[in-house]
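Asks: Turn these sequences into a full structure, and let the hints steer you where they fit.
Here is how the chains run, residue by residue.
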Amino acid sequence: MNALFEYVIRLGDDSLIIGHRLSEWCGHGPVLEEDIAMTNLSLDFIGQTASLLKYAGEVEGKGRTEDDLAYLRYDREYKNTLLVEQPNGDFGMTMMRQFLFDAYRKLLFERLVNAKDETIAAIAAKSLKETKYHFKHSSEWIIRLGDGTEESNQRVQDSLDTLWRYASELFYADAVDAELIEAGTIPSMEGLEEEWKKSVGEVLSEATLTIPTNNWKQGGGRKGMHSEHLGYILSELQYMQRAYPGLEW
Amino acid sequence: MVTEKEIWRYLEEVFDPEVPVLTVVDLGVVQKVELKDDGCKIIITPTYSGCPAMKRIEDDIHEKLAEKGIEKVEVELVLSPAWTTDWISEIGKKKLKEYGIAPPEDEVDKSVLFADPTVVPCPKCDSRNTKLISQFGSTACKAHYQCNDCLEPFDYFKCLR
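Protein sequences, first through last, are from chains X and P.
The working numbering applies: residue 62 is where the first sequence begins, and numbers increase by one.
The working numbering applies: residue 94 is where the second sequence begins, and numbers increase by one.
Hint data in this document are derived by calculation from the structure and do not stem from the laboratory.
Glycine is no exception: its CB is placed at the ideal position from the N, C-alpha and C atoms.
Every clue listed holds true.
Covered stretches of chain X, as calculated for chain P (at least 3 residues, CB under 8 angstroms):
| hint | region |
| --- | --- |
| 1 | 92-98 |
| 2 | 106-115 |
| 3 | 181-188 |
| 4 | 199-209 |
Replies: Structure, rendered in structure tokens:
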């Protein structure tokens, strides 16, 4: 297995799937401004996906383009975390998923800008500028909702309780990461999860939300073992290319 | 034989499809012009990762330079160094304001939650009494503001650093 290809696919698939989830809000936002905000975020993520999957295709060297990788793989070949494929739920659930993810991506990109791999560093530097806006947006919503009314607090607390089990997979690391860190391709990720817990903890505390004490961790996405939700996402995402192979417009 | 300077001048006739008062040169997306034996290579960089205008800008550059009789044109998209609103020219900022879009201001620290948003003067009446409606506006590069005095809602080309 090509470790670099695998690593870039994991980054790219996280962007692709959360970008798709956000796009599902188009025309359904609770207020017009948030409808537009979520589609803006989606666009940033799809753009990052295009850069990442294009690079993955180049690394692989088999002539696959970013579109081939996005539209023509099977579910087990997608390596996104389970967190990003979880259903949108209500607006609070979507913002909680986004908040947990944005906090991770911001810290991750802050490290990856120093990657020796120039393409990864360039994509990280570009994406980081966008991610700062994303993280501010989701953090402020978590505080507004958590420290809001009784109902908004309850709903967003339920979302945290539901999603918390998926968060630790963001820090999943195996031989792929070890090989790239060893070779100096990407910097060490030591202490990343602790930094994330601190960053997330500060906002959750201000939001008067309680971090679940149940520490059950659910992972599998990084190895291609997904929840039932990914299949439904892919059936919609891939529909046009499966029904009309090679379609362009 | 065409010169580099002439090519830069031709590129000043290529407009951003979403903010049609700005040229790709004003916007700062053209990084470099390289002369080749029988043509040239133009290196551009995207504003935002997902900016849907990039493909169109690439096509428009090809079209414009073909119109000027330059036969072989290659357009390359690079991500590094990452684009920043600091690269929008002074003329570009003036054109934005005249068009009704507030040009980028120095930003407030994004890591401070609920910080008072950047004061953005209204492009219509110049009042500084304006409010942020949403950090995410009509395109990836804009935020949505409203003037409290003349009540005009307006786009703000948000600072990206």
